[in-house]
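Kindly produce the complete structure, drawing on both the sequences and the hints.
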Amino acid sequence: MITNFFIPELNNHDVQELWFQQGGATCHTARATIDLLKDTFGDRLISRFGPVNWPPRSCDLTPLDYFLWGYVKSLVYADKPQTLDHLEDNIRRVIADIRPQML
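Counting in this note's numbering, the sequence shown runs from 1 upward without gaps.
Heads up, a few of these hints could be off.
To be verified - Quick list of in silico lysine to any residue cross-link-like pairs, SDA-like style, CA-CA up to 20 angstroms:
| hint | residue 1 | residue 2 |
| --- | --- | --- |
| 1 | K38 | C27 |
| 2 | K73 | P63 |
| 3 | K38 | P63 |
| 4 | K80 | V94 |
| 5 | K80 | L64 |
| 6 | K73 | A96 |
Please keep in mind that the hints were generated in silico from the structure rather than gathered at the bench.
This is the structure:
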């Protein structure tokens, strides 16, 4: 995915001005992935294995983990959706109702 979609999209931007912030999930930190990101972003990579270390449980770098996902989940499941369509409708409705002031 990174090679086929993300890296080509970077051609539309000045990569020297961009930082890449990567979560610490194991599936995101394969050696090949880290090497590719280091080659692309140099010292502007925030990662468990990058030049700028990702602080664990950082509310500054992962604010969505500290409010938004719990908030969304509580509203999405409030009426106990029984079908995939109902669940998807709830997700769309809740996400559409999020205002910039909440973030």
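Verification of the supplied hints:
1. K38 with C27: 17 angstroms, holds
2. K73 with P63: Roughly 15 angstroms between the alpha carbons, so the hint for K73 and P63 holds.
3. K38 with P63: 24 angstroms, violated
4. K80 with V94: Distance of about 14 angstroms is within 20 angstroms: holds.
5. K80 with L64: 23 angstroms, violated
6. K73 with A96: Holds - the C-alpha atoms of A96 and K73 are around 14 angstroms apart, at most 20 angstroms.
Violated hints, in rising order: 3, 5; the structure is consistent with all others.
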